[in-house]
Each structure stands twice: as structure tokens, then as C-alpha cells.
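J.: In order, the protein sequence lines correspond to chains A and B.
Under our numbering, think of the first position of the first sequence as 2, with each following residue one higher.
Under our numbering, think of the first position of the second sequence as 2, with each following residue one higher.
I should point out that these hints are in silico values taken from the structure, not numbers from a laboratory.
In this text the structure is predicted, and so the values were computed from the model without any measurement.
Pairs involving identical chains hold if they fit within one copy or between any two copies, as the list cannot separate such chains.
Capping the alpha-carbon separation at 30 angstroms, the derived lysine-lysine pairs in DSSO-like fashion look like this:
no., residue 1, residue 2
1, Lys-142, Lys-71
2, Lys-138, Lys-156
3, Lys-231, Lys-142
4, Lys-71, Lys-45
5, Lys-138, Lys-28
6, Lys-85, Lys-71
Residues per chain are reported as follows:
2 protein chains.
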Amino acid sequence: MSRQELINQIKQKKSFLCVGLDTDIEKIPSFLLSYPDPIFEFNKRIIDATKDLCVAYKPNSAFYECRGVKGLQSLIATWEYLPKDCISIIDAKRGDIGNTSDKYAQAFLDEASSGMSFDAITVTPYMGNDSITPYLKYEGKWIIILALTSSVGSKDFQYLPTDDGHLYETVIKKANTWAGADRLMYVVGATKSTEFAEIRKHAPDNFLLVPGVGAQGGSLQDVCQYGITKDCGLLVNSSRGIIYASNGEDFADAARAEALAIQQQMEVELKKIGVI
Amino acid sequence: MSRQELINQIKQKKSFLCVGLDTDIEKIPSFLLSYPDPIFEFNKRIIDATKDLCVAYKPNSAFYECRGVKGLQSLIATWEYLPKDCISIIDAKRGDIGNTSDKYAQAFLDEASSGMSFDAITVTPYMGNDSITPYLKYEGKWIIILALTSSVGSKDFQYLPTDDGHLYETVIKKANTWAGADRLMYVVGATKSTEFAEIRKHAPDNFLLVPGVGAQGGSLQDVCQYGITKDCGLLVNSSRGIIYASNGEDFADAARAEALAIQQQMEVELKKIGVI
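Just chain A, same shape as in the assembly (with noise of 0.2 angstroms):
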């Protein structure tokens, strides 16, 4: 999906919101459980519930991976059921040398070797550009890098000052030379909104994927302040607050509840900014 189309699918729906499908054996409704593939089956009454009203999905990988081939099995049979008109990002932070980052963006973005081609991909910058540029010899793909998480560990190394601001900083900096803003998203974190103006200094065009809001504490509003742009530039993730939004057989619908409450927000901001 191109820069122009997420941002036309962003006026339509308006909404930024993206779905994250941490979905959990022990977290969903237990009567489910009767389902041949009960992860497939409780992704795809989420999807059902709020495809209309989110512009994201983002299976995280972990979740999958921790069942191993039945794991797997489910995250390919969701990546399959995502409607086209949502960006599918597979947030796996994978990271390594040039060769394996050509593997692991084997397994995500090439359907005839793993099965799965999702649009994006999140990854982590600590090994540098090795851990990047394999990604962007996939044409209309795009890169997600951490910049600024939204953990308590973010503290350890994330804020260290370097000769060229903080790391998050100096790590935005460096991977806007490797890519431009049709091509690179950063993770920001937000509980950190205040510090959404000084990255905004630095990509200024780049849309941010934004973990933290409900679960994690952080404020939509907040958020919105700093953050967004004309052009949005923002992909607001929220998972656990919508789809365990209820462990009753409503959860689908309580998860849309959620998902349009936080849409609804997101219409008031988009036209505060003018984008609708």
C-alpha cells in the first residue's frame, strides 16, 4: 500500500486507528477453544467487527510463534483474511547482518516463500543499516523502525545522550539518509507525547506508528497534539483495549465498541488538523 492510498483509506475511514492482534490462547473467550483454529477464528471475528472502522491491522509475531506450527498456521491464515484496504503489518522487530535480514524478509513479505506478504514490517536498528535495507528491495513495502518505545525499558538505552541528541534521536536521523517518508515509519511510543515535537523535528513527513495508547497509559489527545500532521501521519495502534475489550461471547462486539469510540476521537482531531 503507497503513501497516497493509506493516506486516502485514512480521509475515508476517518480513522487512524490501527488494530494489534496480541491474541492470546488464554486471553480469549473460552468458547472459542471448540474451534479447529480458535487464534484464526477469534482474529477474524475481530477483523469482521472493525474493518470499516481501522485502517491497520498488526499481528504481533510473538504471539504466534509462542504455538509453534499451529502458531504459525494461524498468523498465516489471518495475514490471508486482512482486507486489502488495511496496511498488514507484522510487528516481528527482527533485526540481524544483510543475509539474514534477506531471509527474515523472505518470511514476511514474500508470499511464495513463507506464505505471508504483509506491507510492512517492524524492525529494530541496533545492528544499523544491515538491519534495514534488505526490506527496501521490496517494491511498496514498508520499514518500521524503532525509534521511541513505550516500556519502562525504553529508559535503559533509548534516552542515552549521544554527540548528536538521544539515541532515539541520532537513530532517526541516520535511517532518513537509507529511505525517505514513502518508504519508513518509525515506532514512537505514546507515552512519550511530549517528546512527539522534538521527533516531528526530525521526521517531519514520516508517518509514526504509535503503540500505548489505552492498555499502556497513553492520551489519544496528547498524541494528536504533537504528533500529527497534514497529512496525519500517524497509524494510533491500540490492542488489548479493543479486542479484550469483553471475554463473553460479545466480545466482537464490545471490540467494535472500542475500536469506534476511538475512531470517533480520531474524526474530531483529523478535522482540528484539516485533513477531512
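Based on these hints, arrange chain B on the given structure of chain A.
T.: This is chain B only, laid out in the frame that chain A set:
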């Protein structure tokens, strides 16, 4: 495998060789393609040919993930086949927030969950303690943290000066506060042998996993000069140099010959320092 068991294996086998199973369907001998699982068949023969000469095997997860479900099946079969007197390392370079790292730990350290339980996993430090502490819950398992890698991209961030040394030094110093040398190893690329002395100041007792000998250009003698300790303290990995020594029917014999040549050099180094 405990630290003492690992040291005992090193003394017994007179080797600190790790064989990297970066097994690529495009590089294995073509006659193997007629087997039901060519990747596993290749690994099995490599293992049979080298297991008395090495103390560790390290499958690189990307090379299996890129083949989807059948790749994961090959990885699980390989894990099952690994000899119990060798430390089994999954080279996965994962790193995420706590609740996601819990799932990655299940994926690679918890057989009941995923079908695999490696002795050790490589992780990337960018997200801080979240990326590491969840794995510590698995008693007796090792966490191997990326510090200084052997690729060109290492220059982008790992060498950044911080208030507390280069970023890779800060990573080691911080991670040392989370666990001791009985649980943590560090990845240090062999192409950086002069930095080993500096790293040994911060990590005098930790085992270092050293890729980059062979195909990537590092020298075993240099690594030992600066990195070896009285307990050895090194696992030196070779992947391509061993497993692709030949791509004919003699590939396993050729791999053995390469592994033997390295083991013999290692025996010399172990004697020099008095480990054996």
C-alpha cells in the same frame, strides 16, 4: 546447560566451536532436495559429522522462518536432533516489551508451548530490560545479548559515544546489573578483535559468542589473544565456512574437515592459556 557443564564440555572436547546452522535451501547439495525435509536432512548429516568437534549448535531462525510452516518444522526437527552434550543456541535476536518477550521466551525456551526448548537465545538490547528479563524466568537458560556485531552496520549505532563509553559498552555494563555470568553471554563480532580487551574489562567472566570467524573475515588467533579467559569464556561460531565447505555428496565430510581444522587451532589456544 550450566556454566560449569559448558566449561567441562570445552575441556573434554578441547573445543569451543559453535557450528552455525544457517541452512539455506539454495545452497545445500541438490541431491538432498529429494528428501521429505531437505533442510533437516542436511542439518542431521552436519551434526553427525561434527558433534564430537564442537560444543554448541546455533540455528539461525531467519533461515527457517523464510520457508513458512515447513521451515518451522525443519527447525523443530533440528532442535530435537541436537546432541544433549552441546549447548543449543537459537539465533533469533528478539527484543520487545515484557508481555511480548514472555511469548518469545515460550516460542524458543518452552517445549510444551512451541515444541522447542533451546538452552540459549540471542536477544537485541534496544528496548532495554524488557527485552531480557522475561527470559531469566527460565532457570538454567542463557540469554545472549548483542553487544558488538561483525557487520558493517555496527558502525551506525553500536560505536556511538555515550557518557559511559561506546553504546556497546553501555549495553554490557547495564545488562550486567540484570544477571550474572552464569546466565548472560554477549555477542561480540570477531572482526573487532582489538575491542575484545576493552570488552573484557566490563565482562571479565561472561562467555562471549563470537561470530565472524571465517566467511566474515575474523581471525581465531586474534580473538583468543584478546578474549580468552582461564575458563575459556568464548564460543566461536562458524556457519558458512563449515556447512558449505562443499556442495557435493561429500559435504558432511568436508564440513568435518573444516570443523576439525578449527578444533585443532582451538586446542592449541586452550593449552596456551592452561584451560586444558
